[in-house]
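S.K.: Chain by chain, the residues:
Protein chains: 2
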Amino acid sequence: MGLVNGFNSFRLIQSCPHTKARAGELLTPHGVVQTPVFLPVASQGAIKTLTPEEVKAVGMSMVLANTYHLYLRPGIGVIDKLGGLHKFMGWDRALLTDSGGYQIFSLAPLRRVDDEGVNFRSHIDGSEHYITPELVIQFQETLGADIIMVLDECPAYGDSLEKVKEAMERTHRWAERCQKAQKRHAQALYAIVQGGIFPELRRQSAEYLTSLGFPGYAIGGLSLGEPKKVTLAMIEETVAQLPEDKPRYLMGVGSPEDIVEGVARGCDIFDSALPTRVARNGALFTWQGRRNIHNAVYSQLDEPIVPDCNCYTCRNFSAAYLHHLFNSGELLAYRLATIHNLSFISSLINKIRGAILNGTFPSFKDKFLGGYQPANEELRLSQKQKWLKSRFKP
Amino acid sequence: MGLVNGFNSFRLIQSCPHTKARAGELLTPHGVVQTPVFLPVASQGAIKTLTPEEVKAVGMSMVLANTYHLYLRPGIGVIDKLGGLHKFMGWDRALLTDSGGYQIFSLAPLRRVDDEGVNFRSHIDGSEHYITPELVIQFQETLGADIIMVLDECPAYGDSLEKVKEAMERTHRWAERCQKAQKRHAQALYAIVQGGIFPELRRQSAEYLTSLGFPGYAIGGLSLGEPKKVTLAMIEETVAQLPEDKPRYLMGVGSPEDIVEGVARGCDIFDSALPTRVARNGALFTWQGRRNIHNAVYSQLDEPIVPDCNCYTCRNFSAAYLHHLFNSGELLAYRLATIHNLSFISSLINKIRGAILNGTFPSFKDKFLGGYQPANEELRLSQKQKWLKSRFKP
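Order-wise, the sequence lines are chains A and B.
For the first sequence, the working numbering gives the first residue as 0, with consecutive numbering after it.
For the second sequence, the working numbering gives the first residue as 0, with consecutive numbering after it.
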């Protein structure tokens, strides 16, 4: 009773014998996507600062767009009139839209949820809106992405077990309604496992959604401020209950180290605004960790930020030039940093997949994590909480 | 006694028999530049939002960078260490640096000028600086552009004849000192005619500087808020006194209509931040005049802003998508608009040159100006004065 079809199936190619890492491919109406795969975020129909050509040139084969943002602006009807989201944004590779659940529960003020749907106000102009699982499917069918997502209720980190359980059970009922509402089966509809930081809820959610038979399963409600070891434990609990032959999508992750950890725990698909967002703040990925290009050590450095990096930025510009552009507030700075960070993630994903295919993933993982100094966790959490708080502001 | 040399000479190819328009070419150490030519402005070593590849792709063969900005940040010494300005900014075509005169007299607070040089404060951090004609040549020799400019004193629009005359005479003395200070003769040093809106001063200035023998002559101190017919009259007064066989550079111009008028009056080189600045405000050039992409008429328009335009933006995106990007504050908006406006100017310049070469410039000019609705002059002047005022603020 699953909704798998020839256009949107997953093929498992190789599994790591020592970890849960796997290499596979997604067949989509817009091409084959090799997994593991990372999706950069085009919230409003554009990867911030980049053209579609550049997104391809840095090696991305699928991007994510936010139904919530596009619904509010320019409106689903406008994109319909203009020929669908692929045409509107000039992107001809695979595309995933999220359902808007996460944005409604984090960005929109004054929301009221009941079993039928969610009432919320726009974070842009305060206008009132009401959406249901059925509407969310209709919106995503109009947008026309290759992979679409069920509407879920996403509790905040810190919510009680009772509250998280209630949200999970509603998410389950909504997943069924989304499944029934789907009319365009060339799109793959993925379910979203919820359950917060409660292992028994995570297991229940994964089992229940699996019983409904979806072509893919996402892990939602993580990376919301909880300690990293809790995140990883929840991924493990969830993946253990998901079918082997379906793709697993770890939503909202993330950083280079988190992608490696997620792959090791059996996740295939990742998305996050982090690489592009930190790029615009001047944080550039290197194999030793993030570097802050504002730092004076770069002011006269006549070599690229990552000397052996093959990206457009590193092939053409010195760290000193990037430093100057950031210091001067030149818009080109944000582009060059975005190109570098996405190229880095692309290169990381290629290394990961190569290691899985030739059986060396565990040693690759140890070597990478041994050399890569992650952002200090305390700092990371406080930044994340500050960022989440700013988004929750009405 | 002119400083012309084989690397930086000007060749006149064809003159219009009915106007003063001419087609020619500049031979520079970084390639042949066909004239008329428009230089986009890379104030801080980057054309705002664009990579060097994109600047080439829109058809630009020479760009301008500001010595004043680069002197303050990152510093001339840093660019020297990094191999010169061409290498620093990744630009391998022709390059012109201005002297900083205009910026010091418009941007920097608390300036004190005497015959020896100018004392001013940085508009960035208030630090004190002192420059002389000799220093300005030394800076520009270090930066290494193909064309460099003398230090000039640029009076404001509205200054008295006495004040403008004094500034002009100082500009003349400084031009001689710059000429004497020049050591690297692979760079062409252009003089700058001043004289404000006073015809007799314009004539005096052009005659005097011509007697010194420079490889090119700029017309400075215009487009500072005076009525357009005054600007055009001053160009005519000046050009009448300049030698035929040397290039004439109309500084700070400009808009499509002003370029056409400038060419008709014998100018060969133009530079202005206007096309890129108005692009970032959402004003896009069309053959009928500027269009404001924020306007609701574009919200669902499923065709490019200029349907037969061959630029990357028009070939790939609808006006509705651009409208959406501007409305959403997406950084990609500023890039796509910049690409369009520079492509438009490039296309205009090509049409102008073609018309001069095949003897149809007067009819081209009439047809273009007849179809192109310039920005309302009153509005234009009040915007310009507001902008100048904001720049003069300490």
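There could be a bad hint or two in this list.
Not the full set, but computed from the structure, chain B residues with beta-carbon under 8 Å of chain A [what the hints assert, rightly or not]:
hint, residue
1, G44
2, T50
3, I75
4, K80
5, F87
6, A295
7, V296
8, Q299
9, E302
10, A319
11, Y320
12, L324
Derived by calculation from the structure, the hints in this document are not laboratory data.
From the three backbone atoms N, C-alpha and C, an ideal C-beta is built for every residue, glycine too.
S.K.: Now tell me, hint by hint, if it's right for this structure.
M.R.: Against the structure, the hints:
Here the hint on G44 of chain B is kept, as its CB sits about 7 Å from the closest CB of chain A, short of 8 Å. For T50 of chain B, the shortest C-beta to C-beta distance to chain A is roughly 7 Å, which falls under 8 Å, so the interface hint holds. Given the 8 Å rule on beta carbons, the hint for I75 of chain B is violated: about 13 Å separates it from the nearest Cβ of chain A. A hinted interface residue such as K80 of chain B counts as satisfied when its beta carbon comes closer than 8 Å to some beta carbon of chain A; here the least separation is about 6 Å, so the hint holds.
Interface hint at F87 of chain B: satisfied, since its Cβ lies 6 Å from the closest Cβ of chain A, which is below the 8 Å cut-off. A cut of 8 Å between beta carbons decides the hint on A295 of chain B: the least distance to chain A is about 11 Å, and the hint is violated. Annotation: V296 of chain B was flagged as interfacial toward chain A, and the flag is violated, the nearest CB pair being 13 Å apart, outside 8 Å. Hint on Q299 of chain B holds. Least Cβ distance to chain A is approximately 6 Å, under the 8 Å limit.
A distance limit of 8 Å between C-beta atoms decides the matter here; for E302 of chain B the minimum to chain A is near 10 Å, and the interface restraint is violated. With 8 Å as the threshold, the beta carbon of A319 of chain B comes within range of chain A, its nearest partner Cβ sitting at about 6 Å, so the hint holds. For Y320 of chain B, the suggested interface contact is upheld, since its CB lies about 6 Å from the closest CB of chain A, less than 8 Å. Interface hint at L324 of chain B: satisfied, since its Cβ lies 6 Å from the closest Cβ of chain A, which is below the 8 Å cut-off.
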